[in-house]
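*Asks:* Residues per chain, in single letters:
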Amino acid sequence: MLAEPPRNGEYLIAAYTVTTLILLGYWTRLWRRARGISKERLR
Amino acid sequence: MSYRRASLDQAARIMRRGVRLSAAGLIALAGVYVLALGYTPIEARQGLAQKIFYLHVPAAWSALLAFSLVGLSGGLYLWLQDPRLDRFAAASAEVGVAFSAIMLTTGPIWAKPIWGTWWTWDARLTLTLFLFFLFIGYLALRAAVHDPAERARFSAVVGILGLLLVPFIHLSVYLFRTLHPQPIVLKPSAPSLPPEMLRTLLVSSLVFTLLYVGFVTARYGIALAEETREDEADAG
Numbered sequence: 001m002l003a004e005p006p007r008n009g010e011y012l013i014a015a016y017t018v019t020t021l022i023l024l025g026y027w028t029r030l031w032r033r034a035r036g037i038s039k040e041r042l043r
Numbered sequence: 001m002s003y004r005r006a007s008l009d010q011a012a013r014i015m016r017r018g019v020r021l022s023a024a025g026l027i028a029l030a031g032v033y034v035l036a037l038g039y040t041p042i043e044a045r046q047g048l049a050q051k052i053f054y055l056h057v058p059a060a061w062s063a064l065l066a067f068s069l070v071g072l073s074g075g076l077y078l079w080l081q082d083p084r085l086d087r088f089a090a091a092s093a094e095v096g097v098a099f100s101a102i103m104l105t106t107g108p109i110w111a112k113p114i115w116g117t118w119w120t121w122d123a124r125l126t127l128t129l130f131l132f133f134l135f136i137g138y139l140a141l142r143a144a145v146h147d148p149a150e151r152a153r154f155s156a157v158v159g160i161l162g163l164l165l166v167p168f169i170h171l172s173v174y175l176f177r178t179l180h181p182q183p184i185v186l187k188p189s190a191p192s193l194p195p196e197m198l199r200t201l202l203v204s205s206l207v208f209t210l211l212y213v214g215f216v217t218a219r220y221g222i223a224l225a226e227e228t229r230e231d232e233a234d235a236g
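In order, the protein sequence lines correspond to chains A and B. All letters in the first sequence, in the order written, are residues 1 to 43 by our numbering. All letters in the second sequence, in the order written, are residues 1 to 236 by our numbering.
Chain A with its partners taken away, still in its complex shape (with noise of 0.2 Å):
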């Protein structure tokens, strides 16, 4: 009989929580930069 598999689902949840929060933060960053740029250009 197999052995259950260890119980670590808080280490899944760091790193997918800092995957999400890193990509986002980045693409945030970008979309703002974007956005004043955009502004600026119609001035």
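No wet-lab data here; the hints were simulated from the structure. Possibly wrong hints are sitting among the right ones.
To be clear about the criterion: a stretch of chain B counts as covered by chain A if any three or more of its residues have a C-beta under 8 Å from a C-beta of chain A, and this derived list gives those stretches [claimed, not checked]:
#1 22–28
#2 80–90
#3 107–121
Just so it is clear, CB atoms sit at the ideal spot from N, CA and C, and this is done for glycine as well.
Starting from the structure of chain A, add chain B where the hints point.
*Replies:* Relative to the frame of chain A, chain B by itself:
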């Protein structure tokens, strides 16, 4: 229409395309999470922590792709002196740093429950950290040098040095004794993964590549707009 107006319009089009592409990538990433958490089986020995694999490996792939393209476009810049190549290299370096931040955080989070330690100074991990710092230095160098031609030339050389490190990092698990596992997909024989895991990994790699393309496109457009502004300030 003035030159400045035309150039800013072009930059805005490129930025918009990049922001939309990367937004599509982020939505697709939610699909990867569903696949990884709901579709792929739980690995018997590593448990849920093994599912970090579906983010760590594609992030590493994207980071190494980004840094390789920085070196290649740097080499081409030294030959052709085309400022578009330098602009692309700068965009790719910044995006590569973001992906390597993911690789260097998810790696230790995965290592802790499996190896029993967050970090070990073996060849693969140390060289990857060195590559990350090299490109942090690349970005600092670009910020410090104000003459565009000089900045492009210096950073092309650093980019080429980074490119030389990439194959060495890939082969380091064969060349040195290391805790890091050997490649299970990018190797001479067939991938050693169950089909569900391989499929999820391939989908995730495609999504990370889409994110790379979107981010670099947006960053390139921003750089083009900023250069137009600088040119105008210099002229006026």
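*Asks:* Indicate, hint by hint, whether the structure satisfies it.
*Replies:* Status of the hints after comparison with the structure:
Counting residues of the stretch 22–28 of chain B whose beta carbon lies closer than 8 Å to any beta carbon of chain A gives 3, which reaches the threshold of three, so the coverage claim holds. Counting residues of the stretch 80–90 of chain B whose beta carbon lies closer than 8 Å to any beta carbon of chain A gives 0, which falls below the threshold of three, so the coverage claim is violated. Residues of the stretch 107–121 of chain B with a Cβ under 8 Å from some Cβ of chain A number 4, which satisfies the need for three, so the listed coverage holds.
Consistency note: the structure conflicts with earlier hint 2 alone.
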